[in-house]
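Below, each chain spelled out in residue letters.
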Amino acid sequence: MKLNKFKEYFMQGVFFLAACVSILAVAIICYFLFEGGLPAILKIGPLKFLGGQVWRPNNDMYGIFPMIVGSLYVTAGALLFGVPIGILTSVFMAMYCPKVLYRPLKTAIELLAGIPSVVYGFFGLVVLVPAIRSIGRTLGLGGNGNSILTASLLLGMMILPTIIGVTESAIRAVPSYYYEGALALGATHERAIFRTVLPAAKSGVVAGVVLGVGRAIGETMAVIMVAGNQPRLPNGLLRGIRTLTANIVLEMGYATDLHREALIATGVVLFVFILLINVSVSLLNRRDKNA
Amino acid sequence: MCRKCKVLILWLVLVLILSGCGHEEVWNPDNDITIVAREDGSGTRGAFTELFALEQEEGGKLLDMTTLEAQITNSTAVTIGTVAEDEYAIGYISYGSLNQSVKALAIDGAKISEETIKSGDYQIARPFNIVTKTYKESSEVADFIHFIKSRQGQKVVSEAGFVSLEADADYKSSGLSGKLVVGGSSSVSPVMEKLIEAYQQANPQMEVEMQSTDSTTGVTATLEGGYDIGMISRDLKPSEGSRGLQATVIAVDGIAIIVNKLNDLDALTSAEVQKIYLGEAMTWEAVTQR
Chain A
1069 MKLNKFKEYF MQGVFFLAAC VSILAVAIIC YFLFEGGLPA ILKIGPLKFL GGQVWRPNND
1129 MYGIFPMIVG SLYVTAGALL FGVPIGILTS VFMAMYCPKV LYRPLKTAIE LLAGIPSVVY
1189 GFFGLVVLVP AIRSIGRTLG LGGNGNSILT ASLLLGMMIL PTIIGVTESA IRAVPSYYYE
1249 GALALGATHE RAIFRTVLPA AKSGVVAGVV LGVGRAIGET MAVIMVAGNQ PRLPNGLLRG
1309 IRTLTANIVL EMGYATDLHR EALIATGVVL FVFILLINVS VSLLNRRDKN A
Chain B
10 MCRKCKVLIL WLVLVLILSG CGHEEVWNPD NDITIVARED GSGTRGAFTE LFALEQEEGG
70 KLLDMTTLEA QITNSTAVTI GTVAEDEYAI GYISYGSLNQ SVKALAIDGA KISEETIKSG
130 DYQIARPFNI VTKTYKESSE VADFIHFIKS RQGQKVVSEA GFVSLEADAD YKSSGLSGKL
190 VVGGSSSVSP VMEKLIEAYQ QANPQMEVEM QSTDSTTGVT ATLEGGYDIG MISRDLKPSE
250 GSRGLQATVI AVDGIAIIVN KLNDLDALTS AEVQKIYLGE AMTWEAVTQR
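So the protein lines, in turn, are chains A and B. For the first sequence, the working numbering assigns the number 1069 to the initial residue and increments by one for each residue that follows. For the second sequence, the working numbering assigns the number 10 to the initial residue and increments by one for each residue that follows.
These are computed hints drawn from the structure, not numbers from a lab. Treat each hint with caution, since some may be false.
[Unchecked claim] Below, computed lysine to aspartate or glutamate pairings styled on DMTMM-like, alpha-carbon distance capped at 20 Å: (1) Lys70(B) x Glu1248(A); (2) Lys112(B) x Glu124(B); (3) Lys70(B) x Asp1128(A); (4) Lys246(B) x Asp1325(A); (5) Lys1116(A) x Glu1258(A); (6) Lys181(B) x Glu124(B); (7) Lys1116(A) x Asp1325(A); (8) Lys246(B) x Glu1248(A); (9) Lys270(B) x Asp41(B); (10) Lys284(B) x Asp39(B); (11) Lys164(B) x Glu146(B); (12) Lys112(B) x Glu216(B).
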């Protein structure tokens, strides 16, 4: 009897430790980031750092505003491509897909999720960049293939498996009486899905999109190979930009002193972005539940 | 959506896709030049901006005025790949890394080759240096440096396509054993790889590892102890020298200005190259308006 109780408490302790390790990991990363990055932001001046439009470390100029805009544009573009296709694909897989097609489709999407970012980058470099380059030149729009458009397309492809996976689970988790009730009231198959099931799965869909945004804003290797990396404000859909992540990777190897700290501070900015997105989503969810 | 609209959209997509593939390009001199540059820490970039006077004095400091439209690649290999793929591209690389997939331009009337670099006719050249903290004469670092500067080492250098220096005496292996880490410039890497191979043949007990990053990473990592020997494709800056590093020249390398093979140009003046990289001539048409 006593042994059972001891086992209970022991296992409780083990699970608690496991949870603590996870929280410890986040805490350590937070601490390292802020301890390394905040002094740099204060030294450079928060307004100059976040709003400055010139990034020239060799001349002590550390303005990351072009990179912030670059990251935002590229993420927005990725969402534009990835979210509609992702949601429609998961609706297809959950509600329309013939049984014969389902297994291969699911396997294909899981494979997409498993491809390393560098391989995506090579795919972008070898296929997407020349394609966008010749389309741009044929239509007289200029550019050389390494552009916001290419990066958005590539990132859209990369976040598809994330969005599809989570959205499909969310749709399947909606109780069947939503769908059946709509049918009973005379709705067609399509209307029943888009007017009752999908809205009911809203929180799951939003969760999938947030995961997708997280992946898109943090993606580095693939974007470096296709985005051009010019450290200036975007000046055209078919021209290149540099993202926050690319900025860190391109220069971390040789940065010293304030330059290195400025790069860590860039990491802090990224971290804050993701925090903001997660917080606003949970606020939205809470308001939804109360409504 | 009506049937007609669906068919129309399908056609539009098809046209867009087909216009992108298998299309015979007619050279259009009004197209933008794809200007390819290296990242800030690259020794090749440092040497290039200095030799083509791309720096301007502002407030007591020298600013690198390379146009912000320039595409940044982070190694010699990616520069070659980018220029080989894009007909309107121009870039700069180490002469030793030049291969058949791109075309090197003659600058100010001089074609690039070992002879013209040595004679000074081709003026765009820079020294390859290796940097170390102070080392003992008996250590593995000293032995490897002796090998590089010896007759055998300099033979490897000139066979690799670089300009060799006056060699010191012959090298005699002293049978040392140990491990060395050499890292830095991606321009120096090809010749360093061959030097390491030859050195390891003469000293089978030595293990030498090479990492290819860029010149300034080579300096920083050597200072911090990550590399035993750093390789840089430029001279040491005074600020780096004052931190206790010493540099030894191991070869002289030319910087090749490369364009795509489909580009008709064979030569440019240094003023024209400067115009391109300062962003003052954005199309090939604008450059050749002499």
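Hints, one by one, checked against the model:
1. Lys70(B) x Glu1248(A): 74 Å, violated
2. Lys112(B) x Glu124(B): Distance of about 18 Å is within 20 Å: holds.
3. Lys70(B) x Asp1128(A): Cα-Cα ~10 Å, so holds.
4. Lys246(B) x Asp1325(A): Holds, because 16 Å separates the two Cα atoms, which is no more than 20 Å.
5. Lys1116(A) x Glu1258(A): 52 Å, violated
6. Lys181(B) x Glu124(B): Violated: Lys181(B) and Glu124(B) sit about 30 Å apart, past 20 Å.
7. Lys1116(A) x Asp1325(A): Distance of about 18 Å is within 20 Å: holds.
8. Lys246(B) x Glu1248(A): Not satisfied, since the Cα-Cα distance of roughly 75 Å exceeds 20 Å.
9. Lys270(B) x Asp41(B): 17 Å, holds
10. Lys284(B) x Asp39(B): 16 Å, holds
11. Lys164(B) x Glu146(B): 23 Å, violated
12. Lys112(B) x Glu216(B): 37 Å, violated
Violated hints, listed in ascending order, are 1, 5, 6, 8, 11 and 12; each of the other numbered hints is respected by the structure.
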